[in-house]
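The residues making up each chain are set out below.
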Amino acid sequence: MSSSADISRPKPARGNIASWFYVSPLVLVLVPFFVVPILVVLVASFLENDAYGGIVANFTLANYASVFTSALTWKLYLSTIKFAVMTWVLSLGIGFWIAYFLVFHVRNQLLAIGLFLLCTVPFWTSNIIRMISWIPLLGKNGLVNSALMATGVIDQPLEFLLFSDFAVVVAYAHQLTIFMIVPIFNAMSRIDKRTLEAARDAGASRLDIMRHIVVPLSRNGIALGSIFVLSIVMGDFFVVKVMSGGGSASVVSALFEDIAVLQYPPAAAAAVVLLLVVVVMIALILRTVDVRKELAR
Amino acid sequence: MSERIDTKKVTTAVDGEVAAPEGVDGTRRSILKGAAAVAGVAGAQAITGFPLIWSQEIKNIELRHVGVSYSVVKAIGDQASKDLGFKVTMQNLDTSASINRFVTQPNTVDIADVEGWQAKLATKRGVLQGIERKKIKEFENILPIFTKGELSGKVVSRQGISPYEAMYISKPDATELHEGVTDWCTFLPQVYNADSIGYRPDLIKKPITEWKELINPEYKGKAAILDVPAIGIMDAALCFESAGEIKYGNKGNMTKSEIDFTINRLIELKKAGHFRATWTTFDQSVQLMAAGEVIIQSMWSPAVAAVRVKGIPCVYAPVNIKNGKEGYRGWCNGMALMKHLSGKKLDAAYEYLNWYLSGWQGGFVARYGYYSPVPSTAKKFLSANEWDYWYEGKPAKEAILDPYGVAMEKAGAKRDGGSFVERVTNISCWNTLMDEAQYMNKRWNDFKVA
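Chains A and B are the protein sequences, given in the same order. Here numbering that gives the first Met the number 0 is used: the first residue of the first sequence is 0, the next is one more, and so on. Here numbering that gives the first Met the number 0 is used: the first residue of the second sequence is 0, the next is one more, and so on.
Mixed in with the good hints, there may be bad ones.
Below 25 Å or equal to it, Euclidean Cα-Cα: the simulated PhoX-like pairs (lysine-lysine) are [what the hints assert, rightly or not]: (1) K413/B / K139/A; (2) K270/B / K74/A; (3) K413/B / K396/B; (4) K74/A / K255/B; (5) K139/A / K270/B; (6) K81/A / K255/B; (7) K269/B / K139/A; (8) K269/B / K74/A.
Just so you know, these hints were derived from the structure itself, not from any lab.
Isolated chain A (complex conformation) (with noise of 0.2 Å):
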């Protein structure tokens, strides 16, 4: 952008078409799907309701009202985000591993590039039918219990490994760590190896170098991967309502059950909260990170 403003200094005007030409397409798709969308949503917040799903242009601050002065909200909210962090933690911790091994201990470059590549292979199938699966592996009568009954490690099946938050957060890592890997292991590649050579020639432990070169080196690809992992769960009801067995609700599942009535203005003001609050934890990660200049590096 402010190259060719450069360039084209002398002329501005045409500079001005020019730049307004390369964002052209990306406008086309998001004035269209997404602002004037939101913007629907944004209106419908603030708009009454008649008990048969029709809207009534009226203005109104009840929906926020409600949203706000119900305990329903804060539990909803404390529930997704306790959701989401477990899911951070998790994805984080083994994403990190996985990306370190690959770019740190795998020499051969082609064969790091192809055990990447493996991360992937779940990904070819959908990520219904991967959080399905969990579903015989966990069940009272599973894989997972009949192996330890089998051994005799239990004599009674383990019902928290399935319709609980234990296998809603097992289901969560299990999609959500690839998006954990990937950024981290572009961060980690882009690390001159010569610098922990250096470190450790200048008798840096291995704790020092990951705490002093490795981790922020990498900031950039953690801060990415988090925003992708922490927006998925916060957006998700679908894995929460399978995997919890129906045991366990989320911000957005409980929106959903207000549009299965057609009540969609106290469900626009609950996604417009829900907007807000995502995006008040995405400003404070790019807080911490300079995202554009990772992406231009």
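Position chain B against the provided structure of chain A, taking the given hints into account.
For chain B alone, coordinates are given in the frame of chain A:
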């Protein structure tokens, strides 16, 4: 128009005559074949019976029948296309997605498959056009459940939104329902049933006839309940009423304090670990039961059959009304005409509605335990053995097959809950949309997140 209808009448009469002797003949397979052949003949006749122009024009007509999977079935649409000579496309959505589509994108649907409460809602929103009663040939034979709100002289429950209550409007574009038969219908009932509890008789040694068993502490951690708020809360209400904890004014339209009581009790049960899970789709309920995750749960009739087909014993509890408690939760789906239908397409839609009540569909759905509003036509498409088993509640004389020809019951088996009349007159409430639906949903989410 009239010429066409006459032709159809003749072919329908032929159907009946040919189907009956076929039915006596014995094995299911031959009956199925027979029925198909007869239907095929009827189809061919129906087409050749039309004036040439009509049969040319209808070829290009496509009707989109949209609704839930247990009511809008591809095999039925295929048969209708074959018999009628125009194309019927069946599209499945879940309950909430379908009502959302009917209301927000009415022009993408031709025939809306709605429950009573959805018919009421869609009527209020003005997305439907009234169905002209005179054009429905079998209307006189529709059971009094739908025309008088009674069956065999017994009043059918009006708790919740009964199909009778939601079925009539005073003029074609009315947005308010009308009590009692008029010339205009909001929707034409096509399939209905009475729901109760499914349980594993190998793991629960006593026969279950009361809803309170679903909340019996003995089955802690092995019970499940339906997680569609509007229906789930009625199942829960039946349990608490059965246990004598509360008496509801109208389980299908609770007051706020009744909702609070019900949800608070559900939360207590959940915190005590009573529910292993909740389920939202047919398949989930089958899996829960078949995988041994639960041994008792609120359930739908074909789901019980699906568990049994897997070789796992499962009983559909007969919960006849006693002492003003218990009873089945009834539901009914019917077809509604979207407002945009007109001209040839509207004519085709009426043809389709009439085809639906002419028996083939009634016979088809009977084989997984659902009922037709015109059993007299469905009977022609069922063998005597099937009729006795599904409608009369008598022991099967020979194996009972499902609609696709898979054996589901051995000779000697009896339908859980008994005959059609016994089951339907014991319905104590109908699927509903409460006046306090928004509050109820909110409280249901409290239960979910607790």
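The hints, checked one at a time:
1. Distance restraint check for K413/B and K139/A: the Cα-Cα separation of roughly 31 Å exceeds the 25 Å cut-off, and the hinted pair is therefore not satisfied.
2. At most 25 Å may separate the alpha-carbon atoms for a hinted pair to count; K270/B and K74/A meet this at roughly 15 Å.
3. Distance restraint check for K413/B and K396/B: the Cα-Cα separation of roughly 10 Å lies within the 25 Å cut-off, and the hinted pair is therefore satisfied.
4. For the hint pairing K74/A with K255/B, the CA-to-CA distance comes to about 21 Å; that is within 25 Å, so the pair holds.
5. A threshold of 25 Å between alpha carbons decides the hint, and for K139/A with K270/B the separation of about 20 Å falls inside it, so the pair holds.
6. Under the criterion of a C-alpha separation no larger than 25 Å, the hint pairing K81/A with K255/B is inconsistent with the structure, at around 31 Å.
7. A threshold of 25 Å between alpha carbons decides the hint, and for K269/B with K139/A the separation of about 19 Å falls inside it, so the pair holds.
8. In summary, the hint linking K269/B to K74/A is supported, as the alpha carbons are separated by about 16 Å, within the 25 Å threshold.
Hint violations for this structure: numbers 1, 6, all remaining hints satisfied.
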